[in-house]
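Colleague: One letter stands for each residue in the lines below.
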Amino acid sequence: MLKPLHKSDGNSLNSVFTQVKNSSFAFFIDMANGTEYLKTVLKNFVTKKFEFQEFLKQCYQIGNKSLGLISITGIIIGLVLTIQSRPPLVQFGAVAMLPGMVAVSIIREMGPVITALICAGKIGSSMGAELGSMRVTEQIDAMEVSNTHPINFLVIPRVAAATVMIPLLTLYADAIGIFGSWLGINIKDTMSLRYFINQAFLSVEFLDIIPAVIKSFFFGAVIGLVGCYKGYNAGRGTESVGVAANSAVVTASLLVIIVDLIAVQITDLI
Amino acid sequence: MEKHKKNVVIDVKNLKISFGDLKVLDGINLQLYEKENLVVLGKSGSGKSVLIKCIVSLLQHDKGEITVGKHELTDISDEDLIKVRKKTGFLFQGAALYDSMTVRENLAFALSKSKEKLSKKELEDKIVQALDDVGLPDSIDKMPSELSGGMKKRIGLARTLVVHPEIILYDEPTTGLDPITSNEISNLINETKAKFNNSSIIITHDIACVKKVADRIVMIKDGKIYKEGTLEEFMDDEDDYIQSFFK
Chain L
1 MLKPLHKSDG NSLNSVFTQV KNSSFAFFID MANGTEYLKT VLKNFVTKKF
51 EFQEFLKQCY QIGNKSLGLI SITGIIIGLV LTIQSRPPLV QFGAVAMLPG
101 MVAVSIIREM GPVITALICA GKIGSSMGAE LGSMRVTEQI DAMEVSNTHP
151 INFLVIPRVA AATVMIPLLT LYADAIGIFG SWLGINIKDT MSLRYFINQA
201 FLSVEFLDII PAVIKSFFFG AVIGLVGCYK GYNAGRGTES VGVAANSAVV
251 TASLLVIIVD LIAVQITDLI
Chain B
1 MEKHKKNVVI DVKNLKISFG DLKVLDGINL QLYEKENLVV LGKSGSGKSV
51 LIKCIVSLLQ HDKGEITVGK HELTDISDED LIKVRKKTGF LFQGAALYDS
101 MTVRENLAFA LSKSKEKLSK KELEDKIVQA LDDVGLPDSI DKMPSELSGG
151 MKKRIGLART LVVHPEIILY DEPTTGLDPI TSNEISNLIN ETKAKFNNSS
201 IIITHDIACV KKVADRIVMI KDGKIYKEGT LEEFMDDEDD YIQSFFK
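So the sequences go chain by chain: L and B.
If you use the working numbering, the first sequence corresponds to residues 1 to 270, in order.
If you use the working numbering, the second sequence corresponds to residues 1 to 247, in order.
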């Protein structure tokens, strides 16, 4: 006879209750710390000297680190969207709408969200791990002792760089995705690039591009803030570097989806 | 006694700090005098590093007073804390060199936050001089990852010395090093004192280092001062706990 894994007695119920209580407590503590951190970042951004050199360095790092991955993903997204959408459109005799439909979906949704999720993985984890290891090896303490506020030198330039670079990467991903779509169409049909672009941009309106760019600024800010927060508040042991990097990716990805949902609702109202 | 004629540069009174239920420091009193090397001795986890981190406000104490120069650290303003930190150098246990910067940039970073505005030439001269002082002039363009443990400690010391602090706090300067390198670091601590006339607190449990550098020793046990005195007084003490360090 199989033995039950856990005895269902008062003790295990108690331990579940304690676990829930501790998790809720930790969640609220984290929320309070996060709010305090956000307040400090915003206050220091407005009142303290901006580390422009560090900002440029971070912009280069973010662009350089993500460009290859975003190029590959962009092309594949364009290709896949085109190949998947073609059969139903052929069925309804609306295949001429394919370039426009793919362009609108890439510009409005796929480009910004996929870019943000890739950056959450690539940049968020790297910020979490870098700042986490600086915390563990006391480099952040050393900075503080030498009268440099780590928030000003480490966090603000990274958050600003992510906020500026992710919209640029999104526009690049959009362009590459649309090019991928043209490649996808040319697998089954023949269409010149000029005709494809004309068709695609007949369907794209100014109001498709602006909200997408605006929301990608928020995606960038969220990824930068979360990545830096998790790294900056990492524990003292070496394992906390991994925990910080992992937690940065998970939290940033989740927040990107939530921000996207809010952005879609707001755009709908407009 | 001669030590009482000297000025007190750091005065710690009834210092208490706990992490959760764990009392780490429970009423510490100590003074650091001008131009003195004070060694704080104690076993691992006795709160030695916590003590010096409280002195530079990296950790906030729960109770008691810490006075550095004229400034008492409880509720100190940001401006005064900057003044305190400008006169205090800190050598971290693992040297804490900035990974993404070369040795030159590490030292230049420390100098850029110091009191004086320097020209490019003055900045370079000071960096070269500091590296000369620690015997590593050729490491100027190396990255921290290219340095050995002992070299990192020396560069960490150069980064501390380059801003000419009046007080230096050494957090386990010889831990993890071989006896020869440990001896070199201990000599450097003495040379630094002789050259710059600074006062130092040296946190360690390395008795060879203690014997070389200590003007006075304070031993911490269970969060309290267990004994205070000179090296000779410690060596002559028959207390088992004290002798377990010196045997």
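Please note: incorrect hints may appear among the correct ones.
Cβ pair distances, simulated, as ranges [stated by the list, open to error]:
1) G45(B) with F50(L): 38 to 46 Å
2) T238(L) with K23(B): 22 to 30 Å
3) F45(L) with N29(B): 22 to 30 Å
4) V8(B) with V243(L): 40 to 48 Å
5) V8(B) with G242(L): 43 to 51 Å
6) V46(L) with K63(B): 31 to 39 Å
7) V243(L) with K227(B): 37 to 45 Å
8) D222(B) with T40(L): 32 to 40 Å
9) D240(B) with G242(L): 37 to 45 Å
10) R236(L) with D240(B): 30 to 38 Å
11) E239(L) with E34(B): 54 to 62 Å
In silico SDA-like cross-links for lysine to any residue, where the CA-CA straight-line distance does not exceed 20 Å [to be verified]:
12) K49(L) with F109(B)
13) K83(B) with T148(L)
14) K152(B) with S133(L)
15) K195(B) with E34(B)
16) K83(B) with E144(L)
17) K57(L) with T102(B)
18) K212(B) with Y33(B)
19) K113(B) with F50(L)
20) K117(B) with F50(L)
Hint data in this document are derived by calculation from the structure and do not stem from the laboratory.
Keep in mind that this is a model prediction, so the values were computed, not measured.
A virtual CB, placed ideally from N, CA and C, is assigned to each residue, including glycine.
Colleague: Between K57(L) and T102(B), does the CA-CA distance stay at or below 20 Å?
Modeller: holds (15 Å)
Colleague: Given the hint that K117(B) pairs with F50(L), does the C-alpha gap stay at or below 20 Å?
Modeller: holds (18 Å)
Colleague: Holds or violated: are the alpha carbons of K49(L) and F109(B) at most 20 Å from each other?
Modeller: Status holds; Cα separation ~16 Å.
Colleague: Taking the beta carbons of F45(L) and N29(B), is their distance inside 22 to 30 Å?
Modeller: violated (42 Å)
Colleague: Are the Cα positions of K195(B) and E34(B) separated by 20 Å at most?
Modeller: holds (14 Å)
Colleague: Quick one: are G45(B) and F50(L) within 38 to 46 Å, going by C-beta?
Modeller: Once the Cβ atoms are compared, 41 Å apart, the range 38 to 46 Å for F50(L) and G45(B) holds.
Colleague: Decide if the proposed pair is consistent with the structure: K212(B) and Y33(B), CA atoms, cutoff 20 Å inclusive.
Modeller: With Cα atoms ~18 Å apart, K212(B) and Y33(B) stay inside 20 Å; holds.
Colleague: Between K83(B) and T148(L), does the CA-CA distance stay at or below 20 Å?
Modeller: holds (13 Å)
Colleague: Between V8(B) and V243(L), is the Cβ distance one that fits in 40 to 48 Å?
Modeller: holds (43 Å)
Colleague: Just to be sure I understand the hint, the distance between the Cβ atoms of R236(L) and D240(B) should be within 30 to 38 Å; is that true here?
Modeller: holds (32 Å)
Colleague: Has the given pair, K83(B) with E144(L), been kept, meaning a C-alpha gap of at most 20 Å?
Modeller: holds (13 Å)
Colleague: Determine whether the Cβ-Cβ distance between T238(L) and K23(B) falls within the hinted range of 22 to 30 Å.
Modeller: The hint (22 to 30 Å, Cβ to Cβ) holds, given that T238(L) and K23(B) are roughly 27 Å apart.
When the structure is compared with the earlier hints, violations turn up for hints 3 and 11 and for no others.
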